[in-house]
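Peer 1: Put together the whole structure using the sequences plus the hints.
Those letters in the sequence shown? Residues 523 to 643, per the working numbering, in order.
The hints are simulated quantities; they were obtained by calculation from the structure and are not laboratory data.
This one's a predicted model, so the numbers in the text were calculated from it and none came from an experiment.
For every residue, glycine included, the Cβ atom is placed at its ideal position computed from N, Cα and C.
Since no wrong hints were added, every one of them can be taken at face value.
Quick list of in silico lysine-lysine cross-link-like pairs, DSSO-like style, CA-CA up to 30 angstroms: (1) K550 x K564; (2) K586 x K548; (3) K590 x K564.
Pair by pair, the computed Cβ-Cβ distance ranges are: (4) F575 x N524: 29 to 39 angstroms; (5) R601 x L562: 13 to 23 angstroms; (6) S525 x S553: 44 to 54 angstroms; (7) K605 x K561: 11 to 21 angstroms; (8) V568 x T527: 43 to 53 angstroms; (9) Y554 x N524: 52 to 62 angstroms; (10) V526 x H578: 40 to 50 angstroms; (11) P572 x S525: 38 to 48 angstroms; (12) T584 x P607: 12 to 22 angstroms; (13) V526 x P607: 47 to 57 angstroms; (14) P572 x P598: 16 to 26 angstroms; (15) H578 x N606: 15 to 25 angstroms.
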Amino acid sequence: MNSVTAFIACLLILGAQGQPASKSNKCKCYSYIGRISPKLIKAEPVIHYPSIFCPHTEIIVTTKADMKRCVSPESPLGRHILKNPLFKAPKALYNATIHSLSHSYTGGGSYSRSHSYPGAD
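Peer 2: Here is the structure:
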């Protein structure tokens, strides 16, 4: 009975250590710019979708002055960026890559079945 109690205590301690202290401590955007002209944007915006690290959608643009600025997802520019399918492509590509990787590695051990041995025919 003592070993079961010790095992459960270890699980609780390890589980508590894996919990983040604050869900928003890994967010990249703490303030948003009011307005920015699309002509001043140098590169494609980077979109960070909500995750376990940050519960907010974050849009980061790089200006022609090489400064990174956060755009509010509720602003007109932010809504335009989120609706534009060109900006959603990396997330779709990421999901497709993860999906294909999970199928290729969990294919029931197909790697070990591909070996041929002399005289097996």
